[in-house]
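Participant: So the protein sequences, as listed, match chains A and B. Once you know that position 387 of the first sequence is 387 in my numbering, the rest is easy, because the numbers rise by one and skip nothing. For any residue, its number in my numbering is found by taking its place in the second sequence, counting from 1, and adding 1000.
No lab work stands behind these hints, which were simulated from the structure alone. Don't take each hint at face value.
Taking lysine-lysine and the DSS-like style, the derived pairs with C-alpha atoms no more than 25 angstroms apart in a straight line are [claimed, not checked]:
id	chain 1	residue 1	chain 2	residue 2
1	A	Lys15	B	Lys1181
2	A	Lys15	A	Lys398
3	A	Lys56	A	Lys40
4	A	Lys56	A	Lys37
5	A	Lys398	B	Lys1020
6	B	Lys1020	A	Lys16
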Amino acid sequence: MPTYLGMPAFPQAAKKAVADSQLRRNLTHATTAIRTKRAKAVGELDDWEQLRQTAKAIKDHTLANLGTYLPRLEENVTKAGGRVHWARDAAEANAIVTDLVRQAGADKVVKVKSMATQETGLNEALAAAGIAAIETDLAELIVQLGHDRPSHILVPAIHRNRAEIGELFRRTMDDAPAGLTDDPPRLTAAARQHLRSEFLAATVGISGANFAIAGTGSLVVVESEGNGRMCLTLPDTLISVVGIEKVLPSWRDLEVFLALLPRSSTAERMNPYTTIWSGVTPGDGPQDFHLVLLDNGRTDTLADATGRQALRCIRCSACLNVCPVYERTGGHAYGSPYPGPIGAILSPQLRGVGSAIDASLPFASSLCGACYEVCPVAINIPEVLVEQRARSVADGQKHYSERIVFGASGYVLRSPRRLAAAQRVASFGRHLAGRSGRIRRLPPPLSAWTDTRDAPAPPPESFRAWWARTRGTGQ
Amino acid sequence: MRIGLFVTCLTDTLFPDTGKAVVTLLERLGHQVEFPMAQSCCGQMHFNTGYRREAAPMARGFAAAFGGYEAVVTPSASCAAMVREYHPVLAGGDAALARDVAALTPRVHDLATFLTGVLGVTDVGAYFPHRVTYHPTCHSLRLLRVGDAPLRLLRGVRGLELVDLPEAETCCGFGGTFAVKNPDVSAAMCADKVAAIRQSRAEVVCAGDNSCLMHIGGALSRMRTGVRTMHLAEILASGDAA
């Protein structure tokens, strides 16, 4: 993900984001609306929890048996007339796709929104090879025209409002209709007209996939706008880049996910467009189909008994929409195409914790648990975050002064005698408080607290001292 | 029933009145409460920040201090959840400790569910003539699943006017060390919580965790809102002045 190199740690990026009034307003408006709608859509099903546990079980079974299902997928895609390529990492995936586009003789491709190609930085790799990639999802187009980055998995331009989008279209879209206003239907119509000529001229389409069915070699793309259907059916060549965790054993398994995904992501009972194809059908749709199966850190993640549950993710975004941290920082602060709670556990696992941003992501959560509660595949995100924190602490290179503080406080807190002694010392701290009985300022690092919040003054007597004085210590 | 009070290190050190309120309340209901002096801390802050090695002896100490009690009551849903959910993890490979922890954890209750679930009371005989709103703390809501137990208790308090808190289930931004490691996001979350409390026009905001109340209260006092925080136990222990 070359565009994310040099991202600052989460707290620094977030500091800027929480001060951006336009961003805060856009995010609160959008996430409040979508999470209310989701709760209603989910509430309509009385077997939601059962569906959720079933989905979890299907994913866990499949992930534990990739050695069976991936070769089966390859075999059936090949049998149906497609070609399967295996990519160990982002560079390999990008090289495979670039070669395929060149072989097709194209210098332009149309794309359906795809998280896998965001992850590999495919657009940048294609651009370096002189190939233009046109994003056809409305929000992705907004992001692309603005030389911006996506900030949400489902709604990549959630950080922009209609006024900002109107201004962007008038400035960057050479075929924007005269007098284009900020009215959403007119903005959509302008994008539609702009994209139509691209769809009709394209010879190569690039997509990801929501699901890949091993039993029949079928790929599934779920979308709302119909741009996906265009990209998946009009070009002569179709290249789909798909993470290896997207495989499902059979169509019966797919049914469960098609019930969970739309309600969780767009709060719809059913999404408007579901495109499913198996290899090549003579005379119908692309005649040249390539499936690029992407690892890029997934097998390493699979080796982690706690962290592997992140691979169950179906990219619905429900966790982003309920996250109080995401709502206040937006997606860019997470420095990854995968923002929000799922990004906080996925990015450090896929990319490692070598960079400032990846090392800080496990700590970018108050552990409130709202993400786990809404996750349609029951990923216990707080559990993984805490596990990642323990790893971070166990890595002797980091948190030098913090380790001393936590070592010392652990020494005190595990002993009632030392705790009582510390309480007697802390009690003098009450003299720091003024007449208000509140402490207004403390030295670093506790100043991070008192910059915005008062601290309580310690009482003259702790509870245990009161108990010992009034009731005695004999138990 | 032999009841042990697990007061928690935070309440012990900074909010002793909450501990005294739990004692007053349970004694008023006719129960005897003991405070085992061997208790210290459940290890939540260390565990959640990644310091498992430091947290492990605290899980051991907790099991030793409370092993003999039929019920352990604590005025912190968050610490109760820590004991129930993660002490088994911390016991790890130590088979004897794991057995002790497994036997003990189902007997560990937060105050609200102990009153409504174990003792089966919702009217604790309290009198508190004030306009109060209730903040369901994240761990009480999503880890311990106390449900409406605190609200049923508050509705049983004479004179108390209970008002809804808008966006009640949104985190206040405390999150333990999160409040210091990500101070800007934490403060932004707290600002919205304070705005919701102001919107409720309550004079007292109440919760089952002093940690979250310390956070919310710190902002309420910094902004001179004139709204105060009170632990649920202190409201339930309030009696007639007469």
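Participant: Of the hints stated earlier, which fail here?
Facilitator: 5, 6
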